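Novice: Sequence:
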Amino acid sequence: SAASMASGKKRTEEENREFKQDWTESFAFICNTDGLPICLICHEKLAHNKKSNLERHFTTKHTQFSGNYPTGDARKKTVEELKKNNSQVPC
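Residue numbers (my numbering): 1 to 91.
Incorrect hints may appear among the rest.
Claimed, not checked - Mimicking DSS-like on lysine-lysine, the simulated pairs with C-alpha atoms at most 25 Å apart in a straight line are:
1) Lys51 to Lys84
2) Lys51 to Lys61
3) Lys84 to Lys50
4) Lys20 to Lys50
5) Lys84 to Lys20
6) Lys45 to Lys77
7) Lys45 to Lys20
8) Lys61 to Lys45
9) Lys61 to Lys76
10) Lys50 to Lys61
11) Lys61 to Lys84
12) Lys77 to Lys51
13) Lys77 to Lys20
14) Lys51 to Lys76
15) Lys20 to Lys83
16) Lys45 to Lys83
17) Lys51 to Lys83
18) Lys61 to Lys77
19) Lys45 to Lys76
20) Lys83 to Lys61
What the hints assert, rightly or not - Quick list of simulated restraints, FRET-style, between CB atoms:
21) Thr60 to Glu25: 15 to 21 Å
22) Gly67 to Thr33: 19 to 25 Å
23) Asp73 to Leu36: 14 to 20 Å
24) Asp34 to Gln64: 14 to 20 Å
25) Arg56 to Leu82: 17 to 23 Å
26) Asn68 to Asp34: 28 to 34 Å
27) Asp34 to Asp73: 28 to 34 Å
28) Leu82 to Thr60: 25 to 31 Å
29) Pro70 to Asp34: 27 to 33 Å
If you're looking for bench data, these hints aren't it; they were derived computationally from the structure. The structure presented is a predicted model; accordingly, all values stated were derived computationally and were not measured. We put the CB at the ideal spot given by N, CA and C, even for glycine.
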C-alpha cells in the first residue's frame with residue numbers, strides 16, 4: 001500500500017540525515033568524524049542529525065547562551081571561538 005511505502009521512505013531519510021552547516025551558528029553544534037552532532041558549549045554528543053533534537057538541547061540546556069548571544073554577529077563570533085577551542089574535527 002502507499003502508506004507502508006511512505007513510512008519506509010521516511011525511515012531511509014532519517015537514517016541518511018546530514019548535518020546542516022547552518023545548525024552550527026543556530027544551535028552551537030558541529031558534527032564529529034562519525035557525522036554526529038556535538039554541542040560546542042557542553043560537548044554532549046547527540047545520536048541523530050535532527051534539527052528538532054539540536055534545537056531542544058540548545059533551548060533547554062543553554063538558555064543563557066541564546067540570551068547572551070542573540071542570532072547575529074555576536075553569536076557568530078562566539079561560535080567561531082568555540083569551534084577554535086574544540087578538539088573535535090568538524091566534518
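Novice: Now tell me if each hint is right for this structure.
Specialist: Results for each hint:
1. Lys51 to Lys84: holds, 23 Å
2. Lys51 to Lys61: holds, 15 Å
3. Lys84 to Lys50: Roughly 24 Å between the alpha carbons, so the hint for Lys84 and Lys50 holds.
4. Lys20 to Lys50: holds, 9 Å
5. Lys84 to Lys20: holds, 19 Å
6. Lys45 to Lys77: Satisfied, since the Cα-Cα distance of roughly 22 Å is no more than 25 Å.
7. Lys45 to Lys20: holds, 16 Å
8. Lys61 to Lys45: This hinted pair holds, its Cα atoms lying about 13 Å apart.
9. Lys61 to Lys76: holds, 19 Å
10. Lys50 to Lys61: holds, 17 Å
11. Lys61 to Lys84: holds, 22 Å
12. Lys77 to Lys51: Distance of about 22 Å is within 25 Å: holds.
13. Lys77 to Lys20: With a Cα-Cα distance of about 19 Å, the restraint between Lys77 and Lys20 holds, given a limit of 25 Å.
14. Lys51 to Lys76: holds, 18 Å
15. Lys20 to Lys83: holds, 16 Å
16. Lys45 to Lys83: Given that 25 Å is the threshold and the Cα spacing comes to 15 Å, the pair holds.
17. Lys51 to Lys83: holds, 19 Å
18. Lys61 to Lys77: holds, 20 Å
19. Lys45 to Lys76: holds, 21 Å
20. Lys83 to Lys61: holds, 19 Å
21. Thr60 to Glu25: 15 to 21 Å: Holds, since Thr60 and Glu25 (Cβ atoms, about 19 Å apart) stay within the stated range.
22. Gly67 to Thr33: 19 to 25 Å: With a Cβ separation near 32 Å, Gly67 and Thr33 fall outside 19 to 25 Å, so the hint is violated.
23. Asp73 to Leu36: 14 to 20 Å: violated, 28 Å
24. Asp34 to Gln64: 14 to 20 Å: violated, 29 Å
25. Arg56 to Leu82: 17 to 23 Å: Since Arg56 and Leu82 have Cβ atoms about 19 Å apart, the given range 17 to 23 Å holds.
26. Asn68 to Asp34: 28 to 34 Å: holds, 30 Å
27. Asp34 to Asp73: 28 to 34 Å: holds, 31 Å
28. Leu82 to Thr60: 25 to 31 Å: violated, 19 Å
29. Pro70 to Asp34: 27 to 33 Å: holds, 31 Å
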